[in-house]
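Construct the entire structure; sequences and hints are all you get.
Chain order of the listed sequences is H and C.
For reference, each letter of the first sequence is one residue, going 0 to 264 in numbering that gives the first Met the number 0.
For reference, each letter of the second sequence is one residue, going 0 to 206 in numbering that gives the first Met the number 0.
Please keep in mind that the hints were generated in silico from the structure rather than gathered at the bench.
Possibly wrong hints are sitting among the right ones.
Stated by the list, open to error - Here are the simulated BS3-like cross-link-like pairs (lysine-lysine), alpha carbons at most 25 angstroms apart as the crow flies: (1) H:K176 x C:K58; (2) H:K179 x H:K213; (3) C:K58 x H:K150.
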Amino acid sequence: MANSLIIGQYVPTDSLVHRLDPRTKIIIIFLFVIFIFFANNALSYGWLALFAVASAVATKIKLKFIARGLTPVWFLIIFTFILHLFVTREGPVLFEIIGFPIYSGAIIQGFAISLRFFLLILVTSLMTLTTTPIEITDAIESLLHPLKKIKFPVHELALMMSISLRFIPTLMQETEKISKAQASRGVDFKTGPIKDRIHAVVPLLVPLFVSAFKRAEELAMAMEARGYQGGEGRTKLRELTIAKLDWLAFLSFSCVLIGLFLLRQ
Amino acid sequence: MKKISTIELCYGAIFICLMAIGANITYWFPFLSIPIGGVSVPLSLQTFFSILAGLMLGKQLGAFSIFAYTLVGLIGVPVFAQMQSGLFVLFNYTGGFLLSFILVAYVTGFLMERLTTITLPSSTSIAIIGVLTNYLVGVTYMYVGMNTWLNLEITYLAAWLGMIPFLIKDLGLAFIAALLIIKMYSRLSFKTSHINSQNTLQKSVKR
Numbered sequence: 000m001a002n003s004l005i006i007g008q009y010v011p012t013d014s015l016v017h018r019l020d021p022r023t024k025i026i027i028i029f030l031f032v033i034f035i036f037f038a039n040n041a042l043s044y045g046w047l048a049l050f051a052v053a054s055a056v057a058t059k060i061k062l063k064f065i066a067r068g069l070t071p072v073w074f075l076i077i078f079t080f081i082l083h084l085f086v087t088r089e090g091p092v093l094f095e096i097i098g099f100p101i102y103s104g105a106i107i108q109g110f111a112i113s114l115r116f117f118l119l120i121l122v123t124s125l126m127t128l129t130t131t132p133i134e135i136t137d138a139i140e141s142l143l144h145p146l147k148k149i150k151f152p153v154h155e156l157a158l159m160m161s162i163s164l165r166f167i168p169t170l171m172q173e174t175e176k177i178s179k180a181q182a183s184r185g186v187d188f189k190t191g192p193i194k195d196r197i198h199a200v201v202p203l204l205v206p207l208f209v210s211a212f213k214r215a216e217e218l219a220m221a222m223e224a225r226g227y228q229g230g231e232g233r234t235k236l237r238e239l240t241i242a243k244l245d246w247l248a249f250l251s252f253s254c255v256l257i258g259l260f261l262l263r264q
Numbered sequence: 000m001k002k003i004s005t006i007e008l009c010y011g012a013i014f015i016c017l018m019a020i021g022a023n024i025t026y027w028f029p030f031l032s033i034p035i036g037g038v039s040v041p042l043s044l045q046t047f048f049s050i051l052a053g054l055m056l057g058k059q060l061g062a063f064s065i066f067a068y069t070l071v072g073l074i075g076v077p078v079f080a081q082m083q084s085g086l087f088v089l090f091n092y093t094g095g096f097l098l099s100f101i102l103v104a105y106v107t108g109f110l111m112e113r114l115t116t117i118t119l120p121s122s123t124s125i126a127i128i129g130v131l132t133n134y135l136v137g138v139t140y141m142y143v144g145m146n147t148w149l150n151l152e153i154t155y156l157a158a159w160l161g162m163i164p165f166l167i168k169d170l171g172l173a174f175i176a177a178l179l180i181i182k183m184y185s186r187l188s189f190k191t192s193h194i195n196s197q198n199t200l201q202k203s204v205k206r
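Here it is in C-alpha cells:
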C-alpha cells in the first residue's frame, strides 16, 4: 500500500494528456467543473459526456484503472438515481413498482443528476490518473503564485505538501511497527467499555508522536544545514513550460464551451 | 500571514502525515472500532489530529497545515478516510467534515493562544469546542449538499441524528487530545526545538 501512496492514482502511459502541462489540466478541469452546471438538456449533457469520454480515451489508460478510481462512488451515483425515481413527481406516470408510481420526470431528472455526478468524477479522476502528485504540487505553486502579493505562503504550502508525500509512507511503516510492538506486549483493545477502548489509543499515539516530531526536527536541521532559507531565489529541478500542445488543448476546450452554449436552451 | 520558519514547515508537513494516518488508523488497528448503540463506529482520528494541530502549532500554522493536508488529498493521494482521494470527495455529502478540519485547527489554535495556563478543564473545553465546530460545519454541509446537488431531501434534524454515534466517539477522542496536549507540553521536545520561540508555546505550563 505504501507504493500506491507515493504515486497516488497515477498510471503512466505515453499519451498526449500525460504530456500536457499540469497547470493546463488543472485549469481545464476547474472550468469543466463549473460549466457542467450550465448543461440543461440532453444535447448539452451529451456534448459534455462526449468531451469527457474522448479525453478518457485520449489518456490511453486501460478502462480497468479508470473504473477502479470510480468504485467508491458507484454506490452514490446509483443511490442518487434510485432515490430520484421514488421522490420526484413530475410528468406522467410511466409504470408502478410494488405500488410506487414512477414518473417520467423522475427518470429524466435522476438520470441527469447521476450523469452530471459521473462526469464530474470521471474528469477529475483523469487529472489524478495522468499527473503525478509532485507535478500537481508544482502546478499549484505556480498557479497560486499571485497570492504571494497578499503574503500567502505559496512556496511553503507546496514544499509542505512535497515533504508530506515523502514522509507519509515512512510514518505508515512506523505505525505498523508500533502496532506490532504493542501487540507483542499483549495490549488488549478488543474488550471493555467505550471509555477504556478510547483510552487504549494513547499507547499507540504517544510513540507515533514522538517519532514523528523527531523526524520533523531532524529534517529541519538537515534542511538548514544545506542552506535552505525559504522560497526567495530558489531554483527548480523540474521547470513547467506551456508548449504548443497546451495551447491546442485550451483551443479545443474553448470549442467545447462554445458548443455547450450553442446547445443549451 | 507571517513567515514560516523551516522547523515550522517540517512540523506542518508531519501533521499532514499524522492526519493521513489518523484517517485510516483502522487499517493498522482494525480492532479500533467502537460499538455505540449497536452501531460499530470505525475510529478515525482526523478530528483528533486537527484539534492537536491547532493546540500545538497555533491557529495560523495549524490551519495552514490542515489546509495543505486537504490539498494533498484533493490532488489524488489517498490520505482521506477509507483511502479516498480526489476532488469528488468534496461533492460527497461528507465533504464538509473535511473542509471543517481547517476551521477546527484555527478555532482550537485561536483559543489556545488566548490561554495563559493549561489545565485539563481548559484544554478539554477547547477540544470539545473543536469537535462541535467540526460537526456544525460538517452536518450543515451534509444537509445543504443533500438538499441541493444530491437532491435528496432530508431534514436538518435527521442529518444530526445520523451523526450522533460519531459525535460521541469524537467527544471521547477530544478528551484524549486534551490529556495528550497536557502530557506533551510538559514532556515533549518543544522545549528543545526552535518552535519554542513562537508565542503559542512560550506560555508557562502550570499543573
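Verification of the hints:
For the suggested pair K176 (chain H) and K58 (chain C), the alpha carbons sit about 32 angstroms apart, so the restraint of at most 25 angstroms is broken. Taking the CA atoms of K179 (chain H) and K213 (chain H), the gap is about 20 angstroms. The hint holds against a cut of 25 angstroms. Taken as a hint, the K58 (chain C) and K150 (chain H) pair is honoured in the structure, with Cα atoms around 16 angstroms apart against an allowance of 25 angstroms.
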